[in-house]
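Take the sequence shown: its position 107, counting from 1, is numbered 107 in full-length UniProt numbering, and each next residue is one higher.
No lab work stands behind these hints: they were computed from the structure.
Every residue, glycine too, gets a C-beta built ideally from N, C-alpha and C.
You may find that some hints are simply not true.
Unchecked claim - Calculated lysine-lysine pairs in the DSS-like style (CA-CA distance at most 25 angstroms, straight line):
#	residue 1	residue 2
1	Lys23	Lys100
2	Lys46	Lys99
3	Lys39	Lys78
4	Lys53	Lys78
5	Lys157	Lys46
6	Lys89	Lys39
Stated by the list, open to error - Simulated DEER-style distance windows between Cβ atoms:
#	residue 1	residue 2	range
7	Ala131	Pro60	25 to 35 angstroms
8	Lys23	Leu138	19 to 29 angstroms
9	Arg102	Pro60	38 to 48 angstroms
10	Pro60	Ser15	32 to 42 angstroms
11	His110	Asp61	17 to 27 angstroms
12	Pro24	Asp158	25 to 35 angstroms
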Amino acid sequence: MLFIGLTGSIATGKSTVSSILSKPPYSIPLIDADVLARKVVEPGSKGYAAIVKHFLPTTPDLLVPVSETMPEAGPDGKGRPLNRPALGKRVFGDTEELKKDRAVLNGIVHPAVRSEMYKAILRAYVTGHWAVLLDVPLLFESSLDRLCGTVFVVAVKDPEDGQFKQATQV
Numbered sequence: 001m002l003f004i005g006l007t008g009s010i011a012t013g014k015s016t017v018s019s020i021l022s023k024p025p026y027s028i029p030l031i032d033a034d035v036l037a038r039k040v041v042e043p044g045s046k047g048y049a050a051i052v053k054h055f056l057p058t059t060p061d062l063l064v065p066v067s068e069t070m071p072e073a074g075p076d077g078k079g080r081p082l083n084r085p086a087l088g089k090r091v092f093g094d095t096e097e098l099k100k101d102r103a104v105l106n107g108i109v110h111p112a113v114r115s116e117m118y119k120a121i122l123r124a125y126v127t128g129h130w131a132v133l134l135d136v137p138l139l140f141e142s143s144l145d146r147l148c149g150t151v152f153v154v155a156v157k158d159p160e161d162g163q164f165k166q167a168t169q170v
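Model the full structure from these sequences, guided by the hints.
Structure representation (structure tokens):
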């Protein structure tokens, strides 16, 4: 089975490339690390429980607030979703405390994402697929490129020509 790595900076066209390769005539199963990273921290998951246990005592706004549309137990009874901006304030930055918190968060999320990736690879293999497409923004930094028989690095010719504009139009 061929593992095809797909990586690149924000707003370079990775989604376009993955869309082309995951549809006919290629139909290569897509394993998207960003999607898996969100999945492994959904309420009810082990990742969610570990994040809440570590960060909630010092981050009172860690969970989406209770409201008319958000009950105390969350929309499905498994807990309220993580308040990503509040968690981001705890882990992004250059202070030693933020770096420690980022290491804790990465220690929770990264192994869970790898586990889900391996499960998806196994599913693709047992269903007869000849290749899988691993869409991993930090493919080289996470050393997942070592699994890949080939790597596509998606880039733009002139980063100043619309890349930042496209990335900020959300």
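Now for the hints, and whether the structure bears them out:
Between Lys23 and Lys100 the alpha-carbon distance is near 41 angstroms, which puts this suggested pair outside the 25 angstroms criterion. With a C-alpha separation of about 22 angstroms, the suggested pairing of Lys46 with Lys99 holds against the 25 angstroms cut-off. A hinted pair counts as satisfied when its Cα atoms are at most 25 angstroms apart, and Lys39 with Lys78 qualifies at roughly 14 angstroms. Annotation: proposed proximity of Lys53 to Lys78 holds, straight-line Cα distance about 15 angstroms (limit 25 angstroms).
In summary, the hint linking Lys157 to Lys46 is not supported, as the alpha carbons are separated by about 41 angstroms, beyond the 25 angstroms threshold. Proximity of Lys89 to Lys39 is assessed by CA-CA distance (about 21 angstroms); at most 25 angstroms being required, the pair is judged to hold. Taking the beta carbon of each, Ala131 and Pro60 are about 46 angstroms apart, not inside 25 to 35 angstroms as hinted. Separation of Lys23 from Leu138 is about 25 angstroms and conforms to the stated range, judged on CB atoms against 19 to 29 angstroms.
Separated by about 20 angstroms at the C-beta atoms, Arg102 and Pro60 break the suggested range of 38 to 48 angstroms. Distance hint check for Pro60 and Ser15: the Cβ-Cβ separation is about 35 angstroms, which falls inside the suggested range of 32 to 42 angstroms. For His110 paired with Asp61, a C-beta distance near 24 angstroms keeps the hint of 17 to 27 angstroms intact. Between Pro24 and Asp158 the beta carbon distance is about 32 angstroms. The supplied range of 25 to 35 angstroms therefore holds.
The structure does not agree with the numbered hints 1, 5, 7 and 9 stated previously, though it agrees with the rest.
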